[in-house]
Structures are given as C-alpha cells and as structure tokens.
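Respectively, the protein sequence lines represent chains A and L. Going by numbering that gives the first Met the number 0, the first sequence opens with residue 0, and the numbers climb by one from there. Going by numbering that gives the first Met the number 0, the second sequence opens with residue 0, and the numbers climb by one from there.
Lysine to any residue pairs mimicking SDA-like chemistry, simulated, CA-CA at most 20 Å apart: (1) Lys-126/L / Arg-69/A; (2) Lys-224/A / Gln-196/L; (3) Lys-570/A / Glu-585/A; (4) Lys-21/A / Thr-30/L.
Label pairs and their in silico Cβ distance ranges: (5) Gly-125/L / Pro-520/A: 45 to 55 Å; (6) Lys-126/L / Gly-587/A: 39 to 49 Å; (7) Ala-578/A / Gly-192/L: 43 to 53 Å; (8) Lys-126/L / Glu-401/A: 53 to 63 Å; (9) Glu-194/L / Gly-587/A: 41 to 51 Å; (10) Lys-737/A / Gly-33/L: 40 to 50 Å; (11) Ala-578/A / Ala-148/L: 27 to 37 Å; (12) Phe-41/L / Glu-750/A: 20 to 30 Å; (13) Ala-742/A / Glu-40/L: 23 to 33 Å; (14) Lys-126/L / Val-537/A: 39 to 49 Å; (15) Lys-737/A / Thr-188/L: 15 to 25 Å; (16) Ser-621/A / Thr-188/L: 19 to 29 Å; (17) Ala-124/L / Ala-20/A: 21 to 31 Å; (18) Arg-556/A / Pro-3/L: 26 to 36 Å.
To be clear, the hints were calculated from the coordinates, so they are not data collected in a lab. What you are looking at is a predicted structure, and each value in this text was computed from that prediction instead of being measured. A virtual CB, placed ideally from N, CA and C, is assigned to each residue, including glycine.
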Amino acid sequence: MAELPVNELSIIGAFGPHLSAKTRGTSADDPDKLVKTHCCFCGQQCGIQLKVRGNEVIGFEPWEDFPFNRGMLCPKGVKRYLQGSHPDRLLHALARDPSQPSGFRNIGYDDAIAKTAAEIARIQKEHGPSSVAVLGGASLTTEKTYLLGKFARVCLKTPFIDYNGRLCMVSAGAANKKSFGIDRTTNPWSDMVGTEVIWVAGSNVAECSPITTNYIWQARELGAKVIVQDPRITPVARTCDIFVPIKPGRDAAMFAGVLQLMIENGWVDEAFIDQHTTGFDAVAAYCKTWDVARTAEATGVPARTIHAVAELWGKAKSSFLFHARGIEHHSNGVQNALGTINLVLASGRLGRPKSGYGTIVGQANGQGGREHGQKCDQLPGWREIANPEHRQYIASVWGVEEKDIPGPGVDAYELFRKIDKGEIKALIAICFNPKVSLPDNQFVTRALEKLEFFAAIDFFLNDTALHADIVLPGSLQEEDEGTVTQVEGRVIKINKAVECPGEARQDWIIIQDIARALGRPHGFTFDSPRAIFEELRVASKGGVADYSGITYEKIERQMGVFWPCYSHDPKSGEPIDHAGTPRLFEPGSYNPVAKGAGRFYFADGKARFNVAEYRDPVDDASAEFPVYLTTGRVVSQFLSGTQTRRIGPLVAQYPEPRLEIHPRLAEKLGVADGDWATCETRRGAITLRAMVVTTIRPDTVFIPYHWTGPKSANRLTVAAQDPISKIPQYKVCGCRVKKADAAPEYASRLEAQQ
Amino acid sequence: MTVPSHLHFFIDPSRCIGCQSCVQACSECDTHKGESMIHLEFIDRARSVQTVPVVCMHCEQPTCAEVCPADAIKRTGDGVVQSARKPRCIACGNCVMACPFGVPEVYPDRLLMMKCDMCYDRSSAGKRPMCATVCPSQALFFGTHEEIAALRPQSRPTNVFRFGEQTITTRTFVMVPRGQAPAPLLDVTAAMGDEPQRRTVRLPIHGAVPDAADPFAEVEV
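From just these sequences and the hints, can you work out the full model?
See below:
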C-alpha cells in the first residue's frame, strides 16, 4: 500500500523542494572545461555550453554557433545549471520506512535493485506479467526511451508501458499520422523568415517556446502577417495582426468556418487538392454546415475576424501554421489538429521553403520520445505493435520470438484506472510526475496508494515518488549522454558534463541492473548509450522514423541531423551517406512508403483530408459551473516543477500560481487584484491569489499547472480524454469562482515552491 | 581592450516578451557579483502584457557621473559608463536619484553603486553582453547599425531623448516604429466585439519628425 509513509511536511522537510543558490559562479572560479550540450527543458533544445569545474557544473556560457538558437536562451536555460549540486539531489537509494522522520531510509544501491527485482518477481509470479507497469517520459534521451520500451516488452513481458508524452504530443501525432503518414514538423524554423502569413493556434509561444518568438517576429519584420488564436492576449498575441479571441475548446469549429469561407471564395488550391490529396469532398460537405454566423456563435469570435482570417489565409502565397497544447489538450484534440491540417492541405502550401506546418513540441524529447517504443501501441522506428510485419522485424532485432512480444497496452491515464481496479499491482516510473501532471490528480493519488509495490527512478524525490517503496537515484541530463529530437525534427546530441554523484547511476544502467537482478539479462547488456543507439539505428531502419543513417559523429559534424536519415538509399537499396531530411513533402521527393507514387507517406503518395468534427467539451461550462477554466505554463517554470521549483531565481520570478481573471468578471464576483479567490470544479477546489487583467476573456479564468497539492491546477481539471489520442482535456472545463473568506491553510504552512 | 565604436546596444520594447532571461543572465556575468543590473518592468500588467527592458543608456554626458560628489563614476573612452569605483563610491545614492532612465542602484550590503556596464569583461573582449546574447526575442540586440537596419526594416534607432529642459544623447539606441504603428492589443473584449477598435500610434522621434502636442497622439485608422 503506497500511502505516504509519514506526514507530507516531514518528507518535504528532508527532500524538498528547497531552493538552490541564486548563482554559483564568480570570476575566481575558472572552469576546467566548457561542454557543448543542450538545455534540459523544452522541446526547442537550445544549444548551451556548461561550465564545469571538478565534478560540478558551475555556470553556463552561450553557444552562439548552434544554428537553432545562436546563443539565445530563456530564463530556464540560463539558470538550468543550478539543478546540479542541489541540496535535494538524491545521492543514495531510498527505502520507505515509516519509522524514520523523513519516511525513508538510505539503503545500498545493490540492495535497492535486489529488493525491486524481488518484488517484481513475486508480484508477476502471483498475478502474471501484466500486473507490472512502466511509466516513462519524453524528457529522457531517445536511447533511454528505446531501452525502456524494450525492457517492458522483453524483460517484464508486460504490455503496460506508456509515457508522459500522453499529456503532450499525442493529439498532434495522431493527426499527423492520419493526414500525412508521418509525424514531424515539415520544415526547419529558419524557413519561416520570409513567409507571408503565420497562424499560431493555441500556443503561448513567448512563454512555452521563447526562442520560436524570434523566428515568428523576424518573419513579421520582413512583412509576415501574424494570426494568433488564444483566449488570452499572450506576449506573442500583443502585436499580432489578427487576434482570434477563441472561447476555450471551440477550435475545430473555427477551422471549419474558415475553410468554408475559403471554399466559398475560391481560395483553395484545387490543382494541389486533386493531385496530392484524397478526402476533400467529405470535408467540404462537413464545412458547409459551418457558415460564419454559426461559427461566430460557437467560437465567441466575431464574424469580422473569421472573415479577416479566411481572407488573409486564403489569399496568401506562402504560409506557416503552428499549433500546440492550446488546441491539442482537448477531448476533441485530434479533431482540432486535423482541422488545422485541412486548412494547410486546402491551401496547397506545403513542402516548400517558405511554407509549412508543425506542432510546437513541449518536452525536451517530445519528438524522439514518441518514436521508438515507450508508447503503449508502438515499436521502434514509429512502428505499430499490432502490425505482424513490424513485430516480426523488431523480434528479429531483439532476438526474441515474435509471439513473446506483448500486444498493445493502454494510455497512461487508463493505466491508473487499472491500478485503481487492482489489475496493475506494481509500477516502475521514471521521468513522470503524475501526481501533479495528470488531471483530477486526487484520483491519481488514491490509485497510487493502492499499489503493492512502487519503484521510482529519479534525481529529486518528486511529488509522485513520495509514495514509492524503493527510490533509485537516477541521472540528471548533464550526467549522461545520448540523443534527443527537437521541435524541428533535428536529432541532436546531449553530452555528459559531470559524473553522477554519490550512489546515483545513469538511468540506462539502473534499468539494466533490474533486468539482471530479475535473471532476465538478455538484451540488456549495453555498455554505453552509444551501443544502445547503434541497436536503435538498426531497429528503426525501414520504419517511418528511420534513424539508420544517423551517427553521433554526423550529429556533431552537421550540428544535428533531421530524420528520416537513411543508411541505404530507400530507392536503390545502395549504402549512402545521407545528410537527413530537413524539409518534408518537397516536389519530387521519394519516400519508402509511397515508393515514388507521391510526396506523402501513404502507398498512393497522397495526403488525407479528414473530417474534423467539432464536439462540445466534456464538463463544459454550465449553470452550476458557469466559467471556463483553462490551464497552461509560465515562462519560468517547467511541467510539474520537479526541477524548476527547486531553482531559486526561477521560483523568485513567479513564486506561486495565480488565478488570471478579467476585471469584468472579477467585479461581478467582488474579487480585487491580489485577493484570495477559490476556483471550484466538480473534482475539487483550490484557493489562489487573483490576478485581475484585461488580457483574458471575461468568461474564462487561467491557472498555471506547475505546482502540487493545494496549489495544483490539476486538482480541478477533468479526466476526459480524446477518443483517438487519449490526451486529457486540460484546456477547458466548467468552474465557479468566488472570493475566499480567508487565506488558505497552506499559506502559513508551505513555502512558495512547496 | 575596449568596446569597438561600431557596436551598440539596441533596445526594442516592441519585441520584449517579459521572460526575464536578460535579468537572469545578467546576474551570471562575472563582474556583476551575482546581481542583475537590468530593470524589466510591466508597463501596467492589469491592462497589458507589455514589458520594457532597461539597460544602461551609456549617456554621452552621464548625469550619474555629473552629480557624483566622489567622482566615482567614469565613462571610458569607448563610451561605456562604468559601475562606481569601489574605493571612491560613498553609496550616497545621488546617481540613483539623478539618472533620468532609472538605471543605477545602490547595494547597501556592499555600500556600492552598481549598474549595467555593457558586460565590459565580455564586450571589451569581442563578445556580446550576456543579456543581448541570450534574449529570446532579441528585444535587446547588440551589433552594428547595418545589422539592425537589415533585421528591423519597420523601425529605426534613436538615441536622443528629452527630459524637460535636458536633452540627452546616448550610446545605447532605442528602436521606434517608422511612421504609424498598430497599437498593441490590450483588452480581449475589444477583439470580441463586432466593431474593430484598432488604432495606430505615432511616437515623436526627437529631431526626426515635428513634435506633436501629445507625445502619444493617437490617430484613428
């Protein structure tokens, strides 16, 4: 029973989050070396040089030669180095021990591995292989995600593995798969400078992917018009040409309404649609039901704006469309993403230097982490676990029988429902903090408490790991090497700056040690990340996400390699030195799926229009809960805050979540700026200070989600999921807001970051 | 080592996203002793997300130095106004009061005025200042007039400012729109209405366009 071993405050007292120093370097501290690597946080993966002295990272130096960011960094990148040598860093393995004040006692690493293996073996013997589940994450290197997928299927023989990209990339991924047969942004970001129109749908670019702002605004300096679709005037919306103040959860209606106007006015590229796509007629028939009046009514966007967007987008000669979690975090997320793709396909503006489409990934390895097999329905190389040919190929790479590879598992949230029902009894989790990051997270906490055995691998004791029986001290990003694939589809190399401190180990070593202790070492005897990558190259060969032509040396030489990158020419089968594929779908391009039939990754080479149907959100605003609640990020924090809530200067920048509310609504409720206000949904209530601003729709409130416990926005969000992608509907639900009678009980008990 | 005369700071508030990367990076510059010398403020957060970063303007005739009773503030030959010299500074705060841009700060814990010195250790050694290197939207840019002209055709640099009777010329430039610029979006409800409410703003640029009666005269489109 993985209940908290002792009072939560006692655990926090021992393991934090506490704050790092404000800064570490002084001019007296000359570094021994500068290590060229990348930031550990978001999906842009900015190049950065870490200053290293002894076995400590003591600062950073901008890496101005790296082509994506050319030295630019957001505040998280600037202060990321402070996570090293942190007082909360786990230096030993821990075992739950309620007799200790902190709830845990240090144990030897080997003992922790042995105990973990023994519990897994016992539970699997009693309840079968599928009683054990694995959770991974998209901040892990691609090598680790590959190893984790193999570990679940080959060592544990369980179908139950999934990852936190389920909360991030899956709506876009599913839509890309249905439309293009490949799941990647189409162009390098440098292509957008010089385009005519950029449409940003549901992305707070300036706060969530700050460096992308420079590309968009450089395009604007050279004449591009910018459309921003958001319920809030975010920094990138402040100066945009057309602001689309959409009501949360209505995006598919907006896209259908705009496409209808394009069709009515002849602003579609009929030649492109005829030659390169299928399915347009069904989409056109659906859009016919979305005239401007109905679209305006559904979306809360005035008719004049819908006309203006359609005309600007419809008449453009070159364009980019980007979206992110704002349209993807919905029970209608896949439909929303398909709606954007339909607009792009209808325009015919794809596969050219100044025209393209993409989703802005959230996590470090949001792209690579969704390609090589830690997803419940997937095998390496973006292969499908239900496809017999794909299974056969991967079985041959892994040296196992095809029949011994389990079938598809379930998504991360469903996995917690299975824990709740008692079907899954043991969990190994790495790089995932579901107690903060999953919706309706008090349910998640109750499920965690039912586990018979829970092992967490982490470098800090995150909020979920408080429930663990065994904690294995893993590695920070700068303590290991490997590859990740960033927002543009560029595979880059993370380089090791320092060794793991204390008893901590690189994550891939820990996973292999568990396999060995279980007596199932077959396939888990890699001696380095490079060795794992070499097997991954083979495993991905022939898949859509083909990495076979990528080497660590090529990444370094080219400063990144865009996949697919082939070891053998897909047309002739001859070995080639392939530089990679920076731009997808170019005229005349060859891909191994279409085999010359066309540009897109289907047998006929044609892209698919898909009817992108609008549906009302689940738990929509109602008489009882009349206000829309939407959630998101702030620039100084990252995801569940496991790292950033420990970095002092980042906490100081925006210490605690605030409730953003328009003065019109605030006045009606008697709430003034700085007042404590309670936001309540059908799941729970939290009390935060109000921030009264005109930059949000008056029918909507916003709360950032990086905090835990009584400050956690995900106590409020609804666990409704998209039927295809299973992404949770974080971006809208009905809530009610009232002025709080008094300060919440946590205000005097907890520090800002706790 | 000096800062080459053709390299300048260019501040472009229209590009600021308020992320505080400059503030965080400033405190990592070796000579800043863990403190940030940058001021980054919301203009009026209740009504806008607009923020403005302020680095030292490096005046040709620095008011801070002129009012310093201890002669502790020096402008080096390359036009960079340095932090107060520790042996001389008496932490009186005259410079703090006098600077028209609000740049210097007195640090009571070390009885010293410190301010933006253009990361002199970096900029005098062929590197860009820390803030302008990391700024994700390049609201703080460090480079040549030719580079900024190519990158920002819709705005132009100015370095002459008037405060009452005082006219100040600076080494740091501020980017201002050429001609009329669309006013930024302030209230979501304006975008929700059936009638458009966009307006344009013309900023008077000293010595370039005739002074308007109202410095923020708004012209309906």
